[in-house]
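Q: Since each chain comes alone in its own frame, lean on the hints to assemble the complex.
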Amino acid sequence: MSMSAPAVQSQPEIESLPVSSIRKHMKKLHTTAEYNQRYKRAWYYKPHPETQLPFHNSLATERSIVLGTQQGKTTAAGFEMAFAAMDWWPEWHTGLHPVPPNLERAAKFIGWYCGVTSQTVRDGAQEKLVGPIAQKDGLGTGALSLDMIESVTKSRGIDSFIDTIIVNRVSGGVALLQARTFEQSVLSYQGVPVDLGWVDEDLGYDDKIYNELLGRTIATNGRIICSLTPMLGLTPLRKRYNDSRDPSKIFQVRGGIEQALHIIE
Amino acid sequence: MTINRLDPEVQQINAHVTHEVVDHRKDSLEQLRTLKALNVPREKLEALFGYSGLPMLEKQLAEEDKTKPIDAEFTEIERDVDFELLGDV
Numbered sequence: 001m002s003m004s005a006p007a008v009q010s011q012p013e014i015e016s017l018p019v020s021s022i023r024k025h026m027k028k029l030h031t032t033a034e035y036n037q038r039y040k041r042a043w044y045y046k047p048h049p050e051t052q053l054p055f056h057n058s059l060a061t062e063r064s065i066v067l068g069t070q071q072g073k074t075t076a077a078g079f080e081m082a083f084a085a086m087d088w089w090p091e092w093h094t095g096l097h098p099v100p101p102n103l104e105r106a107a108k109f110i111g112w113y114c115g116v117t118s119q120t121v122r123d124g125a126q127e128k129l130v131g132p133i134a135q136k137d138g139l140g141t142g143a144l145s146l147d148m149i150e151s152v153t154k155s156r157g158i159d160s161f162i163d164t165i166i167v168n169r170v171s172g173g174v175a176l177l178q179a180r181t182f183e184q185s186v187l188s189y190q191g192v193p194v195d196l197g198w199v200d201e202d203l204g205y206d207d208k209i210y211n212e213l214l215g216r217t218i219a220t221n222g223r224i225i226c227s228l229t230p231m232l233g234l235t236p237l238r239k240r241y242n243d244s245r246d247p248s249k250i251f252q253v254r255g256g257i258e259q260a261l262h263i264i265e
Numbered sequence: 001m002t003i004n005r006l007d008p009e010v011q012q013i014n015a016h017v018t019h020e021v022v023d024h025r026k027d028s029l030e031q032l033r034t035l036k037a038l039n040v041p042r043e044k045l046e047a048l049f050g051y052s053g054l055p056m057l058e059k060q061l062a063e064e065d066k067t068k069p070i071d072a073e074f075t076e077i078e079r080d081v082d083f084e085l086l087g088d089v
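Chains as they are written, first to last, in my numbering: chain A, 1 to 265; chain B, 1 to 89.
If you are wondering where the hints come from, they were derived from the structure by calculation, not from laboratory data.
Some clues are possibly wrong.
[Unchecked claim] In silico negatives: residues of chain B with every beta carbon more than 12 Å from chain A: (1) 5; (2) 36; (3) 37.
[Claimed, not checked] Cut-off 25 Å, straight-line C-alpha distance, at most; resulting in silico cross-link-like pairs (DSS-like, lysine-lysine): (4) A:46 x B:44; (5) B:36 x A:46; (6) A:46 x B:59; (7) A:208 x A:249; (8) B:36 x B:26; (9) B:59 x B:26; (10) B:59 x B:44; (11) B:66 x B:26; (12) A:239 x A:249; (13) B:26 x A:46; (14) A:154 x A:136; (15) B:26 x B:68.
[Stated by the list, open to error] If you anchor each label on the Cβ, the simulated ranges turn out as follows: (16) A:91 x B:38: 22 to 28 Å; (17) A:188 x B:39: 54 to 60 Å; (18) B:40 x A:34: 16 to 22 Å; (19) A:120 x B:46: 31 to 37 Å; (20) A:215 x B:61: 43 to 49 Å; (21) A:172 x B:8: 53 to 59 Å; (22) B:55 x A:232: 37 to 43 Å; (23) A:170 x B:40: 25 to 31 Å.
Where a beta carbon is used, it is the ideal one built from N, C-alpha and C, also for glycine.
Here chain B stands alone, though its shape is the one from the complex (with noise of 0.2 Å):
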């Protein structure tokens, strides 16, 4: 009791929590589109995602690329400017 008060034992734990967000309706998505990169014949999606899931992520998809930026090369373009005319800016 004397010792333990004097010198008092100290406890350490290390503890390592690891989160994981599991989604998988963005899973499927993915998953979708590299299949169809894939050329996967559509009986093979139905199989794997159902006949009434496929058309459903398939719309999901379209909508999804359609609001994505397309990466695109650009040059810019330098342009003459005549700072005369835009006066005292």
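Isolated chain A, as found in the complex (with noise of 0.2 Å):
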């Protein structure tokens, strides 16, 4: 009888950015509007008024903003998230503005941000956030500020794929943002309290990852937003937003490309 070796499953390997030394050579490097403009991104965030504004404003604690491809659904949705996770709100921005539970747990602020696969979190939600890490001087290019990313914490296991990015508050404290992919069973979506969920992109038919969302933001009257092209057809998720009667609680938003101001006739 042979004896075989007992697996051994190694850790991912994790790295961290050296976010205050980039910063340091960022501020050295431009002048002031030259780093406003690159790295303060959400200042010169303009909401489209049709489709972006209603999206940002609601008070409902379920959103939804349903567009078509490149037509800024994923960057509103990048945004609210970045605001939150700050604690900045534009003064234009007369949606919620909750203020966090003191609960026992990591960060004042928990953010999860999940879509299809790693790859697609990376390209979309990510990129939206912290900006095109791969390029050179692209970390803080994104909607959170460069002054506000305390760090960000690389998981090797898919190139320049962020596991969690830590954001310092306005209000004091930290903000944690951590992806979360489809992929993943529902049961990573249990135990912690979250404040915000972004949901990028449609989740198909099942709707338990949905469901366990919601539970996440029981503790922490927390809010959950969509960001979605509908591909799919009526999902369980599409015909959620579709049936509310309800949109002080669940609010959807759609749009085409009229609506969609930066692209060009």
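A: Below, the structure is given as structure tokens:
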């Protein structure tokens, strides 16, 4: 009888980027205007009045922005997540500005950004939040200002995929933004009270993950935002928003290319 | 070796280090103050400081100006003090 050695599962290698060093050098290299325009993208965000603005300013705890490809849905959701994480709200933002409850947990605010696969999260939600980190000087060129990013932790399993972003909050304390994928089991969505869950793209015909996300927000009086292109038909997620009878609780904004002002005619 | 011990070489390095603290928020406020004094149109300010950033900076500028001491000329007024009324002060 042969004895096989027990399988050793190695932990994924984690590496951190020296954010403070990057910030120091970038401040030296750029003039104030250049620095602001590159590393404080939140200052320059102007929401489309018919689609993005109502999405931001809705007081509903579940919000969805349903637009076509490249029409600004991930951008809007990314900025909403960034504003909530930094606790920095532009003057025009009259939506919910919730104060996180005092719970025993790792950070003052916990946000999850969820996408289909690690690659789509990296190329979509992650890029909107922190910028294209694979590019030189790309970190901090997303919705989260470079000044506010405390650290990012990369998971080396997939190139340039960030596992956790730690953000300094204007009101004090830190926010923890973590990536999740629909590929992961619903079990990986358990355990932590979440203030804001962001579902980027449709979850498909299994609503377990969405229900679990709803569960995560109970203790925090949290919210869920969805940004999706309706490509999979009438899924449970779309049905939930389409059939909503109370837009003050479940709100959906839909639009077409006419409302996407950044697309040139 | 022996010469080195008798007459050791001395290396001297002159290093000039300049520390510069860059505060882009403060710089932005100063720039905005100057541009407002020059009556630069709002569209230009918005392009420079952003649609979301400009109102925030304007608010900060207003708050900063509120707490700033106002420069003013003053003259001292001589008062006739009746020392008898004050008693043994």
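Q: Tell me if the beta carbons of residue 120 of chain A and residue 46 of chain B are separated by a distance inside 31 to 37 Å.
A: holds (34 Å)
Q: For the pair we were handed, residue 59 of chain B and residue 44 of chain B, check the Cα-Cα distance against 25 Å.
A: holds (18 Å)
Q: May I ask you to check that residue 37 of chain B keeps its beta-carbon over 12 Å from the closest beta-carbon of chain A?
A: holds (17 Å)
Q: Find the nearest Cβ of chain A to the Cβ of residue 36 of chain B and say whether that gap is larger than 12 Å.
A: Given a closest Cβ separation of 16 Å, the condition holds.
Q: Please check whether residue 215 of chain A and residue 61 of chain B have a Cβ separation lying inside 43 to 49 Å.
A: Once the Cβ atoms are compared, 45 Å apart, the range 43 to 49 Å for residue 61 of chain B and residue 215 of chain A holds.
Q: So does residue 55 of chain B sit 37 to 43 Å from residue 232 of chain A, Cβ to Cβ?
A: holds (39 Å)
Q: Regarding the pair residue 208 of chain A and residue 249 of chain A, is the alpha-carbon distance no greater than 25 Å?
A: Distance of about 20 Å is within 25 Å: holds.
Q: Hint check: residue 36 of chain B vs residue 46 of chain A, CA-CA at most 25 Å. Holds or violated?
A: Holds - the C-alpha atoms of residue 46 of chain A and residue 36 of chain B are around 22 Å apart, at most 25 Å.
Q: Is the straight-line distance between the alpha-carbon of residue 36 of chain B and that of residue 26 of chain B 25 Å or less?
A: holds (15 Å)
Q: Check whether the Cα positions of residue 26 of chain B and residue 68 of chain B lie no farther apart than 25 Å.
A: Answer holds: residue 26 of chain B to residue 68 of chain B is near 15 Å, not above 25 Å.
Q: Can the suggested window of 22 to 28 Å be confirmed for the beta-carbon pair residue 91 of chain A and residue 38 of chain B?
A: holds (23 Å)
Q: Determine whether the Cβ-Cβ distance between residue 40 of chain B and residue 34 of chain A falls within the hinted range of 16 to 22 Å.
A: For residue 34 of chain A against residue 40 of chain B, whose Cβ atoms are near 18 Å apart, the range 16 to 22 Å holds.
Going through the hint list in order, the structure satisfies each hint without exception.
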